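These protein sequence lines map, in sequence, to chains A and B.
Sequential numbering of the first sequence, starting at 1, is according to this note's numbering.
Sequential numbering of the second sequence, starting at 1001, is according to this note's numbering.
Because the hints were derived from the structure by calculation, they are not lab data.
Here the structure is a predicted model, which means the values were calculated and not measured.
A portion of the hints provided could be inaccurate.
Stated by the list, open to error - Partial pick of chain B residues on the chain A-facing surface, computed with a CB cut under 7 Å:
hint: 1; residue: L1050
hint: 2; residue: Q1078
hint: 3; residue: T1172
hint: 4; residue: K1226
Beta carbons are placed, not taken as given, at the ideal position from N, Cα and C, and that holds for glycine.
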Amino acid sequence: MNALEKLGKYALFLYRALRSSYDVKIYKNNLVNELIKVGYESLPIVLLTGAFTGAVMTLQTSYQLDIAFVPRSIIGAIVSQSILIELGAVITSLVLAGKVGARIATELGTMRVSEQVDALESMGFNSVAFLVVPRVLAGVIMFPVLYIVASVSGVGGGLLAGVLSGAVPSSEFMLGAREFFFPWDVLFGLLKAFVFGFVITSVSCYKGYYATGGAEGVGNSTTQATVLSCIYILLADFVLAAVIL
Amino acid sequence: MIEVKNLKKSFKENLVWEDVSFTIDEGETVAIIGRSGCGKSVLVKHLNALIYPDEGQVLIEGQNIFELEYVALRKMRQRFGVLFQGSALFDSINTFENVAFPLRYFTEKSEEEIESIVMDGLGMVNLTDAADQNTAELSGGMRRRVALARATVLRPDFLIYDEPTSGLDPQTSNEINDLIKSFAQNLNITSIVVTHDIHSVLEVAETVVFLEGQELCWRGTVEEMKASDNTSDNKRLMNFITASEYKIKQ
């Protein structure tokens, strides 16, 4: 199958998912489960990723700007704005491509090769509505929430690292962060998180749903889902920056 | 009635079979037999359009299933129960919930009614004690029986059994064969049994469809199969039976 055929198959898969999304009765229970799995169960890794990203950024920015006459508040400005515009969404999504994307591809792939998807279809279920729609919806709903969590913990981690290392006092850090805070940056970050959430969940669902070939096939699908999600996140990040900024 | 007309299926360049035609009457139990890899499971997955053919038709009471819109197709599929080769139970829910699954989504029954129907279903397969067990903890034979209870819980018109006794010991195989007979007789279900187990065929089937050499090689009643000898056009069938180490005349 060439790249164009694969793209067409993916587009048809998304179209089927979109057409199936009216069937709320079929997927409402699964949606609640997925919101918990994608959102709540990702909180620890998102908090950790955000905090360490912010902390490392503060220390590195402090090292790079260790020049006389440069106000220390600039560290707070650079760290907070970088996290809000870029890192809060991108780093979090790359990490979640491994956690959420791999889980989705493995679950659906296992269901496919053990004939559970066929069992659903043979009962008269719309398997896409039952399996795919709630996972994609959970992605686009929870990724923006996780972006906010990652951003808050990132700025918090940066602040803490600055104070503990003596690189920047908290008042200076917050002064810089406040002065260079633009609501548009948050909106842009939320948009990115929404797009990345869609990319990760839809690609992983697609790869898992069409998995073939037993355990090895599921493994291959999971690997492809994770790698492709990462590539598409970076690609989408570039396109969004080029088009919107 | 199910009419299979001139079906042809291939995967890329590999032809599975072609020009396959036969009919299944209401209430009949048909065994589809053949060697491993001859396309038996592929054939039955055409009956409820889980797989689409390259050519041909499957008519369910005169309606070509491959021409149905997806919503109508889903309605049609609800008339089928399927026992999959690996049981295809949902591992994330327990035995009771597996059987209750179609009832919760396709009926408006109350919790009490669902519980009663599910326990009746589990009673038919002698598994009421396993209602709360996780399906991953069940043996192969128990999993098949749970899957049977799930497949029959909506009282389908047609029941497809894909290798129902493969990998089971003789005693458990006999129990499954008894259940197939019991469902066919008591619920008046049209049954399609895919198997390469001649013993099962003789136990449960009325009619036999034999696939070999990428075609439907032989079709007839079990009595005709028993009366066959190693001559004429049923030689391949007799070779298959001999290879399965079953002495049919016994």
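Right, here's what the structure says about each hint:
| no. | hint | verdict |
| --- | --- | --- |
| 1 | L1050 | holds, 6 Å |
| 2 | Q1078 | holds, 4 Å |
| 3 | T1172 | violated, 20 Å |
| 4 | K1226 | violated, 33 Å |
Hint compliance for this structure: hints 3 and 4 are broken, all remaining hints hold.
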